[in-house]
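A.B. asks: Chains as they are written, first to last, in this note's numbering: chain A, 1 to 112; chain B, 1 to 112.
Think of the hints as simulated: they come from the structure by calculation, not from any bench. Cβ coordinates follow ideal geometry from the N, Cα and C atoms, glycine included. Every clue listed holds true.
Some, not all, of what chain A presents toward chain B, calculated at C-beta under 10 Å: (1) 6; (2) 9; (3) 35; (4) 40; (5) 41; (6) 43; (7) 56; (8) 93; (9) 95; (10) 98; (11) 101; (12) 102; (13) 104.
Reference listing, derived: stretches of chain B covered by chain A, where coverage requires no fewer than 3 residues with Cβ under 8 Å from a Cβ of chain A: (14) 37 to 45; (15) 100 to 107.
Below, a sample of chain A positions facing chain B; criterion: calculated Cβ distance under 8 Å: (16) 42; (17) 45; (18) 48; (19) 91; (20) 99; (21) 100; (22) 103; (23) 105; (24) 106.
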Amino acid sequence: EAGVVQSPRYKIIEKKQPVAFWCNPISGHNTLYWYLQNLGQGPELLIRYENEEAVDDSQLPKDRFSAERLKGVDSTLKIQPAELGDSAVYLCASSTELGELFFGEGSRLTVL
Amino acid sequence: TQLLEQSPQFLSIQEGENLTVYCNSSSVFSSLQWYRQEPGEGPVLLVTVVTGGEVKKLKRLTFQFGDARKDSSLHITAAQPGDTGLYLCAGALGAGSYQLTFGKGTKLSVIP
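Construct the entire structure; sequences and hints are all you get.
C.D. replies: Structure representation (structure tokens):
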């Protein structure tokens, strides 16, 4: 069974540029998460989807971050414009009905 | 204020030694999960504990959930270099909650 797939693995951009990350969850997992992980820290939730509905986006900085999950499968996370402080690893995860998370390898963003 | 406090933050031990890492909170969790994350990878689920006082074993790893469901420990017997990684605990608040809060993790290095 394929795991959670994320792309790109690495992205280097200059500040004020836009960037987008893509996630394909495990087939059949209705719940999808985007987490942000800074170096040496645990993951912090940005947004959680149940199918195509964003049920928890309270921690998403909505002035520059946006996300969508069209058709309740793949999801994209966008940052526009990026700031230096956005440099981090962006993790996508999907979960079973038991709430056990399966993570992708992450997308490492460097903002110069 | 961090909801989940993990200790120690860093741990470096020799191969063959035993160790225990802790995950503490003032909040009561409906369940608690432990993940291991290797550099450049996403976290991988090790175990989920649900019942207060529950003990689960996974080969050389022993996980315990506190009686009050506010804390947990992970004990590794005869550590191996392959155990090296970041150990994260994550707690779910409320029954059926899909929202996990992660601790900052314990970074373990096992020296051959």
